[in-house]
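> Sequence:
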Amino acid sequence: MGLKVYNSLTRNKDEFEPIEAGRVGMYVCGPTVYGHAHLGHAKSYVSFDVLARYLRYLGYNVTYVQNITDVGHLTDDADEGDDKIVEAARKEKKHPMALAEYYTRSYFEDTDKLNCVRPDISPRASGHITEQIELVQTLLDKGYAYEVNGSVYFEVAKFAEYGKLSGRNVDEMQAGARVEVSEDKKSPADFALWKKAEPNHIMQWPSPWGRGYPGWHLECSVMSMKYLGATIDIHGGGLENQFPHHECEIAQSEAANGAAFVKYWMHNNMVTVDGQKMGKSLNNFITLKQAFSGAHERLTRGYDPLAIRQLILNSHYRSPLDFSDAALFAAQSGYEKISEAVKAIRKRLGEAGEGEADEKIVDELTALTERFQTAMNDDLNTSVALSVIFDLVRLAGRVLEGGKATAGTLNSVDRLFRELGGDVLGVVKDEYEQAGSGDEARTDAVVRILIEQRAEARRNKFFAKADELRDKLDEAGVVLEDTPDGTEWRWK
RNA sequence: GGCGGCGUAGCCAAGAGGACUAAGGCGACGGUUUGCAAAACCGUUAUUCGUCGGUUCGAAUCCGACCGCCGCCUCCA
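Counting from 3, one number per residue, gives the positions in the first sequence under the working numbering.
Keep in mind the hints are simulated off the structure, nothing from the lab. Remember, predicted model here, so these are calculated numbers, not experimental data. We treat Cβ as the ideally placed atom computed from N, Cα and C, and that holds for glycine. Treat each hint with caution, since some may be false.
As the list claims (entries may be wrong) - Quick list of the computed label-pair ranges, beta carbon to beta carbon:
(1) L351 <-> T445: 50 to 58 angstroms
(2) G260 <-> Y104: 36 to 44 angstroms
(3) N285 <-> G129: 44 to 52 angstroms
(4) F392 <-> G152: 58 to 66 angstroms
(5) E353 <-> A443: 17 to 25 angstroms
(6) K406 <-> D324: 40 to 48 angstroms
(7) A443 <-> S321: 41 to 49 angstroms
With these hints in hand, go ahead and build the complete structure from the sequences.
Next up, the structure:
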């Protein structure tokens with residue numbers, strides 16, 4: 003059985019078949035860089051990162067494009083209001099491009115920590131103004147758009163299929179919508195392709211219709227077309243962008259090209275914090291940097307970025323995910339459990355003698371791999387895939403327990419951790435930091451002196467003294483573990 | 001007002017008509033191990049899937065009503 007993905011367009015789990023055999027072009031809506039990325043971004047980027055990783059695991063040659071929106075995203079979807087970047091730049095007293103650059107770097111910093119593989123291309127909207135103007139001109143030439151006072155709008159009435167993705171009927175929507183209608187538009191549903199810029203507007207470019215800037219929806223059409231062709235395999239993004247953003251992309255692209263825009267539309271569900279929508283006004287808005295450091299009043303501690311990644315993968319990408327301190331804490335424990343198992347296997351691997359892999363173990367590993375693939379093939383059921391990793395952890399524990407596992411067996415276990423846990427899910431690292439460099443080495447030396455003191459006390463059966471040392475180290479954040487090979491320590 | 005989703009153990013979360021007397025994680029508890037711990041391993045922890053009805057030989061899974069929660073249609077991934 004091959005991969006099936008839920009296609010928002012067909013509202014069905016469709017068999018995945020790329021347009022061109024062996025190659026996949028995927029485009030995912032990226033950040034508007036006017037602030038630090040938050041937990042909501044993380045769910046989207048991690049979800050699609052796993053999709054790209056799994057497609058590669060299956061052997062596809064994937065080209066992953068994700069835009070960086072640095073112009074054109076207005077604070078108001080009724081095509082009024084200011085550009086988000088410009089507004090934020092004004093507040094931070096920076097040039098808009100400096101602000102965009104700052105938050106673009108911040109975005110990559112955070113997604114790198116989440117172990118998201120970088121997109122192959124991260125095109126900037128501001129770098130594709132020429133192409134955007136060309137698309138607007140094409141739409142005008144074909145009669146799908148009209149110009150009013152230096153702005154150009156897409157005439158939704160001309161595109162009969164408008165609404166096919168989101169299942170909305172434009173006429174029915176008008177009644178209760180609170181969208182204020184611009185006087186320039188023929189219909190409230192029409193959307194801006196190009197906006198006229200006032201003379202003092204910082205970001206503006208010359209165009210056939212005067213100086214202005216592109217509408218937000220335009221960039222995704224233009225950049226996906228430019229790098230992936232008129233029809234792409236997968237377009238991903240957050241559910242909240244299904245309407246109007248993606249609907250508008252379809253209208254522009256298909257009207258201009260006369261060809262289907264996207265074969266598989268995939269949408270990830272939203273994030274809540276403590277059961278409520280995350281919003282700046284609710285005081286539950288948590289950025290990734292805050293989640294990593296713990297600098298937020300809703301959090302009791304900082305969390306490992308990969309623990310956050312694991313929490314995201316613990317539920318399905320199409321299910322809503324609630325971030326709470328308790329959920330993060332549980333994910334952190336679970337993440338550490340996996341890490342410790344991988345480290346233990348690799349440590350033993352360094353000491354194990356040569357030997358073929360145990361056939362029984364190999365059979366079990368094969369069964370686990372099959373379960374993993376079946377789960378992932380079913381619209382990326384990462385929750386079950388992750389449970390397979392935990393079964394692998396238990397298997398690893400059993401393998402180590404006997405003390406006489408061969409290098410072959412240990413290698414097989416480690417390889418599965420690397421392929422499934424690492425390459426696909428991204429929660430197992432290739433290398434784990436080892437104590438032994440810089441400050442860590444000095445700390446290690448000091449802790450070892452205390453460990454030796456305790457060992458001395460234990461040898462002499464002064465257990466009270468030994469326990470006191472252990473308790474005090476614990477208070478200082480150092481946990482001791484007595485193993486057959488001596489005492490190890492780690493940070494609490 | 002229009003559209004959509006969800007409600008599974010103390011918590012997080014899979015499962016979507018019969019292999020379910022319901023995965024996995026966290027937590028808790030018991031055992032092995034330990035001087036005692038920690039870690040690891042083994043085991044226990046939902047006779048039941050919001051409530052009430054219906055369809056069916058069979059329902060957590062389908063249908064209906066009701067209750068509760070959440071989201072989109074404004075900013076937001």
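> Hints first: check each against the structure and report whether it holds.
How the hints compare with the structure:
The supplied range of 50 to 58 angstroms is broken by L351 and T445, whose beta-carbon atoms lie about 26 angstroms from each other. The hinted range of 36 to 44 angstroms is satisfied by G260 and Y104, whose Cβ atoms lie roughly 40 angstroms apart. Evaluation of the 44 to 52 angstroms hint for N285 and G129 yields a failure: the beta carbon distance comes to about 37 angstroms. Under the hint 58 to 66 angstroms, the C-beta atoms of F392 and G152, about 59 angstroms apart, fit the expected range.
A C-beta distance of roughly 22 angstroms is found between E353 and A443, which places it inside the suggested range of 17 to 25 angstroms. For K406 and D324, the Cβ-Cβ distance of about 45 angstroms falls inside the hinted range of 40 to 48 angstroms, so the restraint holds. A C-beta distance of roughly 44 angstroms is found between A443 and S321, which places it inside the suggested range of 41 to 49 angstroms.
In this structure, the earlier hints numbered 1 and 3 are contradicted, and the remaining ones agree with it.
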